[in-house]
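Residue numbers (the numbering used here): 1 to 201.
Honestly, the hints are just simulated from the structure, not real lab data. All C-beta atoms in this analysis are idealised placements derived from N, C-alpha and C, irrespective of residue type, glycine included.
Listed below are the simulated BS3-like cross-link pairs for lysine-lysine, each with C-alpha atoms no more than 30 Å apart in a straight line:
(1) 5 with 33
(2) 184 with 33
(3) 119 with 80
(4) 198 with 61
(5) 61 with 21
(6) 183 with 198
(7) 21 with 66
(8) 21 with 119
(9) 12 with 198
(10) 80 with 33
(11) 150 with 80
Distance windows between CB atoms, simulated:
(12) 45 with 178: 17 to 25 Å
(13) 196 with 73: 32 to 40 Å
(14) 167 with 107: 12 to 20 Å
(15) 66 with 134: 27 to 35 Å
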Amino acid sequence: MNIEKTILALEKNNYEVSFFKTSEDAAHYLESKFNDEYIGFGDSETMFHMNLFDRLSLHNKVVDPKHCGAEATFRDTAIKCLTTDIFFTSVNALSETGEMVNIDGTGNRVAGSLFGHKKVYFVVSTNKIEPTLEASIWRARNIAAPGNAKRLGLKTPCAVKGDRCYNCSSPDRICNGLLIYYKKMNNTDMEIVLIDEKLGF
Numbered sequence: 001m002n003i004e005k006t007i008l009a010l011e012k013n014n015y016e017v018s019f020f021k022t023s024e025d026a027a028h029y030l031e032s033k034f035n036d037e038y039i040g041f042g043d044s045e046t047m048f049h050m051n052l053f054d055r056l057s058l059h060n061k062v063v064d065p066k067h068c069g070a071e072a073t074f075r076d077t078a079i080k081c082l083t084t085d086i087f088f089t090s091v092n093a094l095s096e097t098g099e100m101v102n103i104d105g106t107g108n109r110v111a112g113s114l115f116g117h118k119k120v121y122f123v124v125s126t127n128k129i130e131p132t133l134e135a136s137i138w139r140a141r142n143i144a145a146p147g148n149a150k151r152l153g154l155k156t157p158c159a160v161k162g163d164r165c166y167n168c169s170s171p172d173r174i175c176n177g178l179l180i181y182y183k184k185m186n187n188t189d190m191e192i193v194l195i196d197e198k199l200g201f
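Please model the entire structure based on the sequences and the hints provided.
Here it is, written out as structure tokens:
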């Protein structure tokens, strides 16, 4: 894993990159950036570990499908996230050559990361770095997706066996779309907050 090479490649692909040694430093940085903003979240164990919802909610309006409450459905909350000024999510893998990969089941996470916000933040830990795009796709399918399926208590073969993707037809399948970010999307500011810890899947 070459962190410096990865950062340079991401910057060459037009992303802004901020690097932090710890998740606490990264959380403090993000907490200090926003006041009275409208922020949406895509599902991320990394962000959950950092307690970003509670920290950013102190001075901002934050909507998150993980915190939709009894009065709202996941779908309603996820749609609201698509209309926010700022959007936060993570990725399942990123390559030393500057590409990022995400797998999504419902599409709200990848949809929110592509268009419509003033700025998108990808909060990513360095354990997700792979040497190539091909290795990043493999990681997303065979490490991240099974880990997330198991976390969610799903009955997919990958969650039950915990070893790899089986390209299943389970109704619980969460690998319905795979997105490759080759470069930063046009007309949207995007920042990668890279954290030198093992977080998420």
